[in-house]
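Letter by letter, the chains look like this.
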Amino acid sequence: MDKQKTNTSFKNTINTKKKMTAQETVAKAIFALAAVFAILSVVSIIIYLLIAGIPALKEIGIFNFLFGTTWSPSYDGPASEKFGILPMIVGSIIATFGALTIGGTLGILVAVFLVYFCPKKLKTALTQTISLLAGIPSVVYGYFGLKQIVPLLAKISPNNNGTGILAVSLVLGIMILPTVASLAKDALSSVSPTYYEGALALGMTKEQAVFRIMMPSAKSGIMTALGLGIGRAVGETMAVIMVAGNTVQFPKGLFEGFMTLTGNIVMDMSYAMGVHRSALVATGFVLLMFILCLNCVLYFIKNSQKIKDKANQKDKKNCHKYNFDTASSKAIVYANKTKLYTVIKYICFAATIIMLAAIAYLILFIVIKGIIAFGRVGVLNFLFGKSGAGYISLAPAFVSTGALILIALAIALPIGISAAIFLVEYSRKNSVFVQIIRLFTDTLSGIPSIVFGLFGVIVFNDFFGLNYSLLSGGLTLSIMILPTIVRSVEESLLAVPLMYREASFALGAGKLHTIAKIVLPCAIKGILTATILSIGRIVSESAALLLTAGSVKNMPASITSPGSSFAVMMYMFASEGMYMDETYATALVLLVLVVIINMLVFAIAPKGKEKKV
Amino acid sequence: MKAKKLVVLAIVCMTIALTCVSVFAACGNTGENEIIITGSTSVTPLMEKLAQEFEKQNSGVKILITGSGSSQGIADAQKGACEIGMSSRALKDEELKSLNSIEICKDGIVVIVNKDCELSNVTNEQLYELYANGTAIGSVNTPINRSNGSGTRDGFNELIKNANGDSLKDLKELKGETQDQTGSVIERVAEAKNVLGYISLGSLNDRVKALSLNGVAATVENIKAGDYSLQRPFVLATKKGATLSESAQKFLEFIQSEAGKKIISDNGYIA
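Line by line, the protein sequences are chains A and B.
Taking this note's numbering, the leading residue of the first sequence gets 253, the next gets one more, and so forth.
Taking this note's numbering, the leading residue of the second sequence gets 22, the next gets one more, and so forth.
By construction, these hints were calculated from the structure, which means they are not laboratory data.
Predicted, not measured: the structure shown is a model, and the values here were computed from it.
There's no promise every hint is true.
[What the hints assert, rightly or not] Simulated coverage check for chain B against chain A, where a stretch passes if three residues somewhere in it have a Cβ under 8 angstroms from a Cβ of chain A:
1) 123–129
2) 156–164
3) 196–203
[What the hints assert, rightly or not] With a Cα cut of at most 30 angstroms, we get these calculated DSSO-like pairs of lysine-lysine:
4) K334/A with K193/B
5) K196/B with K334/A
6) K334/A with K230/B
7) K560/A with K471/A
8) K638/A with K282/B
9) K375/A with K310/A
10) K196/B with K136/B
11) K504/A with K127/B
12) K504/A with K214/B
13) K70/B with K261/B
14) K282/B with K334/A
15) K136/B with K407/A
16) K638/A with K70/B
17) K113/B with K310/A
18) K334/A with K190/B
19) K260/B with K70/B
20) K118/B with K310/A
21) K504/A with K182/B
22) K638/A with K271/B
23) K638/A with K375/A
Note that the Cβ used here is the ideal one computed from N, Cα and C, for glycine as well.
Input sequences plus hints: build the corresponding full structure.
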């Protein structure tokens, strides 16, 4: 608190005493513009989706659209067409609920184990494993589900059918586990250790202290973790369509095919015309609204916690007294329930084992099948061989992925860094403006990739006439990675000690000079981390790229040509049925890339402070 | 000085980004020697074979093929997003107003099951009952549909009728699952014993088992003789009034030439 005050007052003196030169004003304006970019993106995504969706809503009627139970586009005439999305809304909700039951529970249990019961030596390894799990592309999860989980479920299913809610819940559960686990871990670690010590001092066992004191104290953080897990599950597309069975019907059982909102969009979007297409965009809009509402709820949870914290800080004595009081009373009440908590502790341990087993299964599956497949298709031949009609090689994917990364970073990196500079160096901490920008940046990072895909199709592909092209895909990706860059660079700028700036100012340097020469070089690691995290996101992205950059297997001639990244290429191999070996080989390549990216982040990120997923 | 540089750099970066966007937006067309073809996943394997041969004969020409579904190919051709659209169904009257249609061959639709499935033959009525009401045929209880934009789906639904002559096409909802590509149907059938699907005859491979329909095997001979009823045309669509690029024109001529027809029939289609 004190530091902040000095910071602000110090800034004020600087601002009033020294008149800003023209150059500084221009720079500030540019940084401010970049900071507003996140707001612009969110607003334009909402507006464009709404504009493109309105024709369908007019034609169908909002009620019939939201609560209609039949989805049947027809080419015999608009009279017989029906677009009702209720079965898909229900499907999405049930799938998310299933994923949350499995992945959410496991995630929280793993986080508790990681923070309180894990031997110190294992902590880093376990954290790394979780972030590896978060980085694996959804196509890989989907294919793993299709090849391993679905056949396994078919054996225990009463109707011999493996696809459906259970399969989707399992796959999505594994996918949201890392999100929930890492955020819940952060929440638990940020609870003041004095609570824990106090509880122990009052005679609670270690387990009781964790479950009766620490967990309730981290409640809001854990809720946020679950909320972001929900967001990820609702928005997931590619993994879902591979195991859901994709029938538009109300899910009747665990093993009946069903459709989610996202699945419907990606399956129909490629060929839909007229009202049908507009109805799909409107579906995306419904999804977007859901995510926005979820973000609002999370925002309020976070804020109410902040207000509580402030109140606690104001009267520290009282706060501690209160906590110790509860602790002591609880210690007395629950003293004879020691066994229960010991059992829960072992459940946490078991959850971690289950997670590790799932990861081991997934990775071994991909590595073994991938190596065998590489043996059959030939490593060099498959990686760098001739490409084009009739030839299968990953060479185009190297070029396309590289081009997509370059385009996206060329746009998002300058904007993101400028925005972060504005937030940290030019605005007062926690001013309304900063809070609004942060809210929008968070919102942007929560929007599902399929919605970005729809936005890209509407704006870049159709409006600007880019059609399927790497440029269109790269532009879409640049908006997707922007929040990652802003948050990550912002963190690293904040970590630069205020003294450095003060010293620089004292030596007569201007603000811009200080930022360029002192602050940015100190924050270079953060910028690098942001870049690598963004690359990771681009490498594993598939749904948005499928809609915007197309899915050809050819070498792109220029950035206006269509092109497929590794993940899209893998999806195409998987869904063309004739390229099993190629699919496994591509999956292995993707896995290796993800591991490399994780290792780089680990190597670069400041020690003792793990990156958020 | 450094500070100035930073400002200049920021401005330059943004200008470059903006100009790039606007320039590419203004001239979003691809290279002269690229032919973009999109559409039916059933036609895609054949088109890739034809393109491979054509690229060999005409160096410098690149043919970009994206398989996504017949209706997509038709829509892309109308929008000008591709030069040639592939369709595995005949174009509708509505579509023929804005598109030229070239029929390149006929293709059978073959019903497939898992290799371990006990079935070897199905009848029209059995298929109708399975898709319309979910009535199991032996151990098969889950039918697989293609998604709505598929020409193969249109062909299948139109041709599968019950005893009263009602076709699947007239039903609002069909039972079972939906896959969006020929290959995902094969993939799904190869993995599960309880499902049944349909694909283009030319895409059939040994990972799945083909069933006879009403006692007639799905072979090129039977389709030629007219004994196997489940068949439809492969059609290429180009936009009316638009001038095709020279290479696209040449490619279309090549497909219709004797050499092209030989490739078509060599790959199991009926030219």
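Now the hints, each set against the structure:
1. 123–129: That given contact is violated, which follows from only 0 residues of the region 123–129 of chain B lying within Cβ reach (below 8 angstroms) of chain A.
2. 156–164: Holds: 3 residues of the region 156–164 of chain B have a Cβ under 8 angstroms from chain A.
3. 196–203: holds (count 8)
4. K334/A with K193/B: Cα-Cα ~9 angstroms, so holds.
5. K196/B with K334/A: holds, 17 angstroms
6. K334/A with K230/B: violated, 35 angstroms
7. K560/A with K471/A: Holds, at roughly 12 angstroms.
8. K638/A with K282/B: The given pair, whose Cα atoms are some 26 angstroms apart, holds under the 30 angstroms limit.
9. K375/A with K310/A: Given pair K375/A, K310/A is violated - Cα atoms ~55 angstroms apart, limit 30 angstroms.
10. K196/B with K136/B: holds, 22 angstroms
11. K504/A with K127/B: violated, 40 angstroms
12. K504/A with K214/B: holds, 21 angstroms
13. K70/B with K261/B: holds, 26 angstroms
14. K282/B with K334/A: violated, 41 angstroms
15. K136/B with K407/A: holds, 17 angstroms
16. K638/A with K70/B: Distance ~15 angstroms between K638/A and K70/B Cα, so the pair holds.
17. K113/B with K310/A: holds, 27 angstroms
18. K334/A with K190/B: holds, 15 angstroms
19. K260/B with K70/B: holds, 24 angstroms
20. K118/B with K310/A: holds, 27 angstroms
21. K504/A with K182/B: Since the Cα atoms of K504/A and K182/B sit roughly 27 angstroms apart, the hinted pair holds (cutoff 30 angstroms).
22. K638/A with K271/B: Holds, at roughly 24 angstroms.
23. K638/A with K375/A: violated, 45 angstroms
Violated hints for the displayed structure, listed by number in ascending order: 1, 6, 9, 11, 14, 23.
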